[in-house]
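Chains S and D are the protein sequences, given in the same order. So for the first sequence, our numbering puts the first residue at 1; every next one is plus one. So for the second sequence, our numbering puts the first residue at 1; every next one is plus one.
Rather than coming from a laboratory, the hints here were simulated on the basis of the structure. Watch out, some of these pointers could steer you wrong.
Mimicking SDA-like on lysine to any residue, the simulated pairs with C-alpha atoms at most 25 angstroms apart in a straight line are [to be verified]:
1. K68/S / Q22/D
2. K7/D / L46/S
3. K52/S / T30/D
4. K77/S / G97/S
5. K60/S / A98/D
6. K98/S / Y57/D
7. K7/D / G41/S
8. K98/S / Q51/D
9. K98/S / Q22/D
Here the structure is a predicted model, which means the values were calculated and not measured.
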Amino acid sequence: GDSVTQMEGPVTLSEEACLTINCTYTATGYPSLFWYVQYPGEGLQLLLKATKADDKGSNKGFEATYRKETTSFHLEKGSVQVSDSAVYFCALSTSYGKLTFGQGTILTVHP
Amino acid sequence: SAVISQKPSRDICQRGTSLTIQCQVDSQVTMMFWYRQQPGQSLTLIATANQGSEATYESGFVIDKFPISRPNLTFSTLTVSNMSPEDSSIYLCSVGGAVGGEQFFGPGTRLTVL
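Sequences are here, hints too, so could you generate the full structure?
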């Protein structure tokens with residue numbers, strides 16, 4: 001079945017540091033890939049997406065590239081802020097419309 | 001994206017009782033889903049709420065425990081029946097059907113069972 005594996009957390013960084021959260025997937029067919037973010041006390045928000053191989057999703061300074069050859073969709077940001085502290089979830093969607101989530105990565109950014 | 005609301009936002013319940021969670025969307029949507037997020041865990045799909053027919057449940061979830069209704073294209077309910085402390089979780093509804101496959105989530109219902 002479909003599955004998503006995320007880098008284990010938690011991740012703690014200083015402000016302006018570079019961020020990479022690894023995500024790999026297993027799926028039949030050609031899934032769409034997503035990063036969702038859950039800020040403290042808030043609901044789940046779509047951060048970015050990519051629907052086909054080599055697509056790059058980007059939003060709020062975050063980027064992720066759909067790599068079919070390595071079945072990966074790593075999340076990157078060049079300079080994190082305290083306000084980026086949240087839980088980040090990698091997810092995939094198949095043609096059936098269901099989302100499969102990774103286990104989530106807690107990011108804490110210190111001033 | 002659609003605006004999704006859930007009621008209640010949180011509740012504390014006694015074991016053996018049932019709670020019905022409502023999900024309202026501000027526009028008609030083809031696909032609605034219910035997820036569970038146990039403390040410190042990721043999201044797990046409970047079922048797809050089908051308009052006008054029985055919900056489609058994922059492995060490990062059954063209709064007797066989690067009955068779902070979807071009377072129209074903007075509303076769905078999830079009931080957590082005969083609750084135990086293990087049912088303490090955040091329950092989220094989502095809507096889908098976008099071309100890219102993304103879903104948008106409601107704010108969640110935080111349930112604590114004593």
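A quick look at each hint next to the structure:
Between the alpha carbons of K68/S and Q22/D the distance comes to roughly 39 angstroms, so the proposed pair goes past 25 angstroms and is violated. The suggested pairing of K7/D with L46/S holds, with an alpha-carbon distance near 22 angstroms, which does not exceed 25 angstroms. Our distance criterion of 25 angstroms between C-alpha atoms is met by K52/S and T30/D, whose separation comes to about 23 angstroms. A threshold of 25 angstroms between alpha carbons decides the hint, and for K77/S with G97/S the separation of about 28 angstroms lies outside it, so the pair is violated.
A hinted pair counts as satisfied when its Cα atoms are at most 25 angstroms apart, and K60/S with A98/D qualifies at roughly 22 angstroms. Annotation: proposed proximity of K98/S to Y57/D holds, straight-line Cα distance about 12 angstroms (limit 25 angstroms). Between K7/D and G41/S, the direct Cα distance comes to roughly 16 angstroms. Compliance with the 25 angstroms bound is thereby established for this hinted pair. The hinted pair formed by K98/S and Q51/D meets the criterion: a straight-line CA distance of about 16 angstroms does not exceed 25 angstroms.
Only pairs whose Cα atoms come within 25 angstroms are accepted, and K98/S paired with Q22/D is accepted, the gap being roughly 20 angstroms.
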